Structures are given as structure tokens and as C-alpha cells.
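Start from the sequences, fold in the hints, and give me the full structure.
Count along the sequence shown starting at 1, add 17, and that's the number in the numbering used here.
Simulated from the structure, these hints should not be mistaken for lab results. Don't take each hint at face value.
[Unchecked claim] Think about it this way: if two alpha-carbon atoms lie no more than 30 Å apart in a straight line, the pair counts; the simulated DSSO-like pairs of lysine-lysine are:
1) K245 to K132
2) K132 to K81
3) K51 to K81
4) K132 to K34
5) K51 to K216
6) K95 to K81
Values in this document were obtained by computation on a predicted structure and should not be read as measured data.
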Amino acid sequence: MFGIVKRVTISHYTSMKYLVISDTHLTHRFYPDKYEKLRIIIQAADRVIINGDFWDGYFTTFDKFLKSEWKTLFPLLKEKKAVYITGNHDDTQLYQFKDNCGLFADLVAENFKFKSGDKQFYVEHGHRILPEMSRRFMPLRKSRLFLMIWNLPFNIGEYISLKLFRTPAPVSDINQKLFEHFGKDRKGNHYTIVSHSHKQEFNEKAGVINTGYFRWGLAQYLTVEDEKVVLHSENY
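Next comes the structure, spelled out in C-alpha cells:
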């Protein structure tokens with residue numbers, strides 16, 4: 018059985034290039050330009066970490082996602098020994114799909130640790146410390162209709178902000194809460210990589226990095242190689 022690991026620590030030599038992507042929110046609908054961008058950056062990495070919301074259980078089912086054209090990404094992710102950290106839109110406890118994650122990931126976990134040189138990185142989606150309101154109504158969360166309605170205004174606002182104003186929609190104080198939580202006991206060479214808010218930001222003092230998101234024609238992601246941390250924000 019392909020189970021879920023609570024915590025994983027792994028060390029590699031400094032020349033390994035890590036790619037961290039998050040919040041791709043893939044469904045059964047396929048977008049060739051998005052696929053091509055994902056393919057290019059995954060191909061260029063040595064190891065891939067998917068930091069939550071890889072597919073979107075609010076707008077599709079896991080079976081439909083697995084059978085969609087996105088499955089052409091799966092062999093490449095397996096080649097890169099992908100680590101799959103679950104988020105709030107692809108919550109394993111709610112959708113019970115963990116036995117099939119082996120199609121695209123070598124490991125499923127709630128968080129993950131790795132090293133690059135003297136720097137240590139801890140990766141977690143972030144939703145477990147900031148539960149959204151819909152999580153407070155667990156019976157309703159079993160309804161995909163409720164989840165779609167709940168999330169629709171955010172999706173529309175995010176899309177309009179990017180397409181009309183060419184800037185990601187601001188998210189009030191989620192990043193600040195993430196920075197405060199993960200940065201409070203920070204050691205000098207330790208960094209935390211989060212996502213969830215869809216707002217790319219690096220708080221050097223807290224040592225917390227938010228990778229942003231990957232949708233609506235905007236590709237935001239993180240690479241770590243030889244201790245060098247780079248946030249990318251590109252159109253596709």
C-alpha cells in the first residue's frame with residue numbers, strides 16, 4: 018500500500034538541483050501551454066517537490082485527473098523521484114486517494130526536509146496551521162458543489178487580477194501568519210518553504226519562502242542548487 022508519511026528527512030550532495038512547485042490546481046481539463054512549462058522546468062531539475070494542491074479536488078475527481086492528458090507528466094515526475102506534499106485542495110484524508118499516488122510520486126508526505134550545502138530546508142504546504150473556514154464544516158466539505166461555490170469568488174478574483182491588471186491578487190495576512198508561525202524558532206541556516214496563499218514572497222528575517230502559484234498563465238516556482246535559492250515568476 019502506498020501510504021502517507023508524516024515527516025521525512027533526506028540529505029543529498031550540494032550539486033543536486035531541487036525544484037519546488039505548488040498550487041498548480043490541475044483538473045481533468047488540459048492546457049498545453051501549462052503542460053509545456055511544467056515539462057520544461059521539471060526536466061531541468063534533479064528532484065521535484067510538489068508542495069500541495071497539485072490537483073484540485075474542489076473541481077474534479079482524482080480518477081478524472083489520473084485519466085486526463087496530465088498523465089503524460091507522470092513518467093517524468095517519477096523519473097525525478099517526486100515528493101508529493103498534500104495541500105487543502107488535494108487532502109488525502111478527505112479524498113482517500115493515497116494508494117494511487119505512486120503513479121507520479123515516489124513519496125507522499127505532510128512535510129519534507131532536505132539539505133543543500135550548509136542550508137537546511139523544511140517544506141510544508143501551510144494549510145494545516147491556517148485551516149480555511151470550509152474545514153470547520155466537515156460534512157459540507159464532502160460536497161464538491163459546496164467546495165466549488167466556496168472557492169469560485171477567489172478563482173474569479175485571481176483570474177481578473179492577472180488578466181486585467183497583470184499582477185497576482187493580494188492575499189491579506191496569510192503570509193504574515195505563515196512567517197510568524199514558521200519563523201518563530203528559526204535557526205540561522207534553516208529555511209521553511211510554504212505555499213497555500215498564492216502570494217510569492219521571501220521573508221529573509223523569518224527564513225520563510227512562499228513559492229506562489231502556477232496558474233492563469235503565471236508560473237511561479239522555486240529552485241535550490243548549491244545553497245542558492247531562486248524564486249522564479251514567469252509567464253507561459
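Hint-by-hint comparison with the structure:
This hinted pair checks out: K245 and K132 have alpha carbons roughly 11 Å apart, not beyond 30 Å. Pair hint K132 plus K81 does not hold up; C-alpha atoms about 36 Å apart against a cutoff of 30 Å. For the hint pairing K51 with K81, the CA-to-CA distance comes to about 18 Å; that is within 30 Å, so the pair holds. Restraint check for K132 and K34: the C-alpha separation of about 11 Å stays at or below 30 Å, so the hint holds.
Restraint check for K51 and K216: the C-alpha separation of about 19 Å stays at or below 30 Å, so the hint holds. With a C-alpha separation of about 20 Å, the suggested pair K95 and K81 falls inside the 30 Å cut-off, and the hint holds.
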